[in-house]
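Asks: Protein chains in written order, with my numbering: chain A, 1 to 147; chain B, 1 to 141.
A hint or two may mislead.
As the list claims (entries may be wrong) - Simulated crosslink set (BS3-like; lysine-lysine; CA at most 25 Å straight-line): (1) B:K99 x A:K133; (2) B:K99 x B:K12; (3) B:K12 x B:K90; (4) B:K7 x A:K133; (5) B:K90 x B:K7; (6) A:K66 x A:K133.
Source of the hints: derived by calculation from the structure; they are not laboratory data.
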Amino acid sequence: MVEWTDFERATIQSIFSKMDYDDVGPAALSRCLVVYPWTQRYFGNFGNLYNAAAIQGNPMVAAHGKTVLRGLDRAVKNMDDIKATYAELSVLHSEKLRVDPDNFRLLADCLTIVVAARMGADFTADVQRAFQKFLAVVVSSLGRQYH
Amino acid sequence: MLTDHEKELIAKIWDKMIPVASDIGAECLLRMMTTFPGTKTYFAHLDIRPRSPHLRSHGKKIVLAIAECSKDISSMMVTLAPLQTLHAYKLRIDPCNFKLLCHCILVTLAAHMGDEFDPVAHAAMDKYLSAFAAVLAEKYR
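Use the sequences and the hints to build the structure in full.
Replies: Set out below in structure tokens:
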């Protein structure tokens, strides 16, 4: 089981309680598709992903970004058992969606950068560490059921 | 692969960082050592507490090297030759750590630039820093 310090718990709860999921979700996913274009392979039916402007304006990308962030919220609300929380989603991503688990890390990095841009100086080194620790647990749990 | 537009964008961003190189550099290093504690093992000879003069001067060196190189990205192999030798034969930092510092540089830029660090700038910068790191590790073996 993952051990969380009081600072880490408080930091994660604070960041996500102040976050606009409908803004950050689309921003993180579209950033991932722009910065790591090979991730577009999973979104063949999303229509126009030809350039950064198209990706950032694409409504299916935006909708999916919101879905992803709402999925992340489950971990925020269950920090003490993220592994169990994501067991089903892990199976889904592995067996049905067939997503290379390294992509979870790429999306997590993009989310970190979006949050850093929103929070500015408040995204201190210690806050970053807590945030990245949380995302690392999420990423690991999503990759857990791959065989 | 960097387009001409991306090269200009990169040079413009780093040009703005030159006057605040110590602040930016110290922040990048602090973020890296806080988020990835294994990287601290390379700094046993320095005082790496926040705001330490060592952190600022070391950070400044790194930022200035990256900024200098961004002025003429096509000549990267030539500009970085002395640093290649330094990292390969003297410092011998495991190259996996370059990725960690690059990530923290991106986070620092995002925290300072906000919305201006949009996905296009982020993609360009990530490509530049990955190329920089790859060139730095070229003489390792």
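Asks: Now look at each hint and say whether the structure bears it out.
Replies: Evaluated hints:
| no. | hint | in the structure |
| --- | --- | --- |
| 1 | B:K99 x A:K133 | holds, 17 Å |
| 2 | B:K99 x B:K12 | holds, 22 Å |
| 3 | B:K12 x B:K90 | violated, 32 Å |
| 4 | B:K7 x A:K133 | violated, 33 Å |
| 5 | B:K90 x B:K7 | violated, 30 Å |
| 6 | A:K66 x A:K133 | holds, 22 Å |
Hint check: violations occur at hints 3, 4 and 5; the rest are consistent with the structure.
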